[in-house]
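Residue numbers (the numbering used here), protein chains in the order written: chain B, 1 to 169; chain U, 1 to 158.
The hints are simulated quantities; they were obtained by calculation from the structure and are not laboratory data.
Fair warning: there could be bad hints in the mix.
[As the list claims (entries may be wrong)] Subject to a maximum C-alpha distance of 27 Å in a straight line, what follows is the list of computed DSS-like cross-link-like pairs (lysine-lysine):
1) U:Lys74 to U:Lys21
2) U:Lys110 to U:Lys99
3) U:Lys74 to B:Lys141
4) U:Lys21 to U:Lys110
5) U:Lys21 to U:Lys31
6) B:Lys141 to U:Lys31
[Stated by the list, open to error] So the derived label-pair ranges between C-beta atoms look like this:
7) U:Asn10 to B:Val14: 39 to 45 Å
8) U:Tyr113 to B:Arg17: 20 to 26 Å
9) U:Lys21 to B:Asn47: 52 to 58 Å
10) B:Leu83 to U:Lys21: 26 to 32 Å
11) U:Asn10 to B:Glu62: 34 to 40 Å
12) U:Ala143 to B:Arg17: 22 to 28 Å
13) B:Asp29 to U:Arg121: 52 to 58 Å
14) B:Asn47 to U:Ala144: 37 to 43 Å
15) U:Arg38 to B:Ile122: 31 to 37 Å
16) U:Ser115 to B:Gly112: 54 to 60 Å
17) U:Arg16 to B:Gly71: 28 to 34 Å
18) U:Leu116 to B:Ser80: 39 to 45 Å
Small disclaimer: the values here were computed from a predicted structure and weren't measured.
Backbone N, C-alpha and C fix where the C-beta goes; we use that ideal spot for every residue, glycine too.
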Amino acid sequence: MQDILSQVINHYDVIDRFLDEPAIALVTDFFQTGRLRVQVVAIINSNPVDIVRESARQLFEEIPELIQPGGNAYTTRRHSMYLRDMDYFLRYASYAILTGNSSVLDERLLAGLRDTFNSLGIPLGVTARSVQLMKERVQQKLSEAQLGNSPFVAEPFDYIIHALSERNV
Amino acid sequence: MSIVTELILNADSEARYPAPKELRIFQDFLKTGEQRIRIARLLAENEQRIVQNGSARFWERVPVTPSNSGNPRKTASCQRDQGWYIRLIAYSILAGSEKPLEEIGTVGIKEMYNSLEIPLRNIVECMRCLKEEAVLLMSPEDAAEVVPYFDLIIRSLS
Numbered sequence: 001m002q003d004i005l006s007q008v009i010n011h012y013d014v015i016d017r018f019l020d021e022p023a024i025a026l027v028t029d030f031f032q033t034g035r036l037r038v039q040v041v042a043i044i045n046s047n048p049v050d051i052v053r054e055s056a057r058q059l060f061e062e063i064p065e066l067i068q069p070g071g072n073a074y075t076t077r078r079h080s081m082y083l084r085d086m087d088y089f090l091r092y093a094s095y096a097i098l099t100g101n102s103s104v105l106d107e108r109l110l111a112g113l114r115d116t117f118n119s120l121g122i123p124l125g126v127t128a129r130s131v132q133l134m135k136e137r138v139q140q141k142l143s144e145a146q147l148g149n150s151p152f153v154a155e156p157f158d159y160i161i162h163a164l165s166e167r168n169v
Numbered sequence: 001m002s003i004v005t006e007l008i009l010n011a012d013s014e015a016r017y018p019a020p021k022e023l024r025i026f027q028d029f030l031k032t033g034e035q036r037i038r039i040a041r042l043l044a045e046n047e048q049r050i051v052q053n054g055s056a057r058f059w060e061r062v063p064v065t066p067s068n069s070g071n072p073r074k075t076a077s078c079q080r081d082q083g084w085y086i087r088l089i090a091y092s093i094l095a096g097s098e099k100p101l102e103e104i105g106t107v108g109i110k111e112m113y114n115s116l117e118i119p120l121r122n123i124v125e126c127m128r129c130l131k132e133e134a135v136l137l138m139s140p141e142d143a144a145e146v147v148p149y150f151d152l153i154i155r156s157l158s
């Protein structure tokens, strides 16, 4: 995986160049937004369980058939797997907020994820919805903490949702 | 590979959120961002000058060396390599990690120069000269950031 710094460096190494002004601008932006990124991740870290729990509650409220007998999250085992997966998504989103790009998501979370979920029979749409709910929950926590709403917060969540979404319908 | 990637690989290998200590390291790194960009810029702008002056200094100390043999091809490729090392150091300074320098330029460095039949002792001396020239251009504070990377190259050649 590469964070935005490594990504810029690798790119410029291959073409045998020092960083030019556009690259410096990217790096500068990374350094400048960094403090806010750390604060956002600290908020997520402070209570990931709460974010997962609240979002899961809302998910099962919206789609009650999931937890009814025969539903995809029925049985405690499957219910707990939903919670575990949501925590995965949240954790990788927090990594991506720190690195400033989606490389960690591509390599460590999304590679093969659709196939895995399909073979396990977990509906992708529901999963995407759970990520969306976590995003909203995180954004809400940030505005409660008066940290505003920077675009880089939504980015990784939206990226995951996009990757999970059905294509060529 | 930068300090940020290292931190996240560590956290991920234990399937946990970044720890407070890791976030603090990241924050400290961010505080030095301006300095890092300043040094990287300075090295980029002065690459030619460091290489030229460094070579002159080097030939004074070690007159018998491939780059000073009167063969322009050898001189050019030696100076090209010197420029590359300055570039790699600029990358490493930006990344806050020796990984870019190591991964691109020091792993296997001895074997490579041995097979090219360039005396390692001479390259070491050359790197010292480049270091001295680079340090002349910057404040002691910035120099302290740059010197360890030159020393890393020198160590991996010895």
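Inset, instruction - Mind checking the hinted window 52 to 58 Å against the Cβ distance between Lys21 of chain U and Asn47 of chain B? - result: violated, 19 Å
Inset, instruction - Compare the distance between the alpha carbons of Lys110 of chain U and Lys99 of chain U with 27 Å, and conclude whether the hinted pair is satisfied. - result: Holds, at roughly 17 Å.
Inset, instruction - Assess, step by step, whether the Cα of Lys74 of chain U is no farther than 27 Å from the Cα of Lys21 of chain U, and give holds or violated. - result: Given that 27 Å is the threshold and the Cα spacing comes to 49 Å, the pair is violated.
Inset, instruction - Indicate whether the distance between the beta carbons of Asn10 of chain U and Glu62 of chain B respects the range 34 to 40 Å. - result: holds, 36 Å
Legend entry - Distance restraint between Lys21 of chain U and Lys110 of chain U, which requires alpha-carbon spacing of 27 Å or less: violated, 37 Å
Legend entry - Assessment of proposed distance window 31 to 37 Å (beta carbons of Arg38 of chain U, Ile122 of chain B): violated, 50 Å
Legend entry - Range agreement (Cβ of Arg17 of chain B with Cβ of Ala143 of chain U, hint 22 to 28 Å): Distance hint for Ala143 of chain U, Arg17 of chain B holds at roughly 24 Å.
Inset, instruction - Just tell me: holds or violated, for the beta carbon distance of Leu116 of chain U and Ser80 of chain B against 39 to 45 Å? - result: violated, 60 Å
Inset, instruction - Would you mind confirming whether the straight-line C-alpha gap from Lys141 of chain B to Lys31 of chain U stays at or under 27 Å? - result: holds, 26 Å
Legend entry - Cβ distance range 20 to 26 Å for Tyr113 of chain U and Arg17 of chain B, holds or violated: holds, 24 Å
Legend entry - Holds or violated: Lys21 of chain U to Lys31 of chain U, with C-alpha atoms at most 27 Å apart: holds, 15 Å
Legend entry - Supplied distance hint 52 to 58 Å, evaluated on CB atoms of Asp29 of chain B and Arg121 of chain U: violated, 44 Å
Hint violations for this structure: numbers 1, 3, 4, 7, 9, 13, 15, 16 and 18, all remaining hints satisfied.
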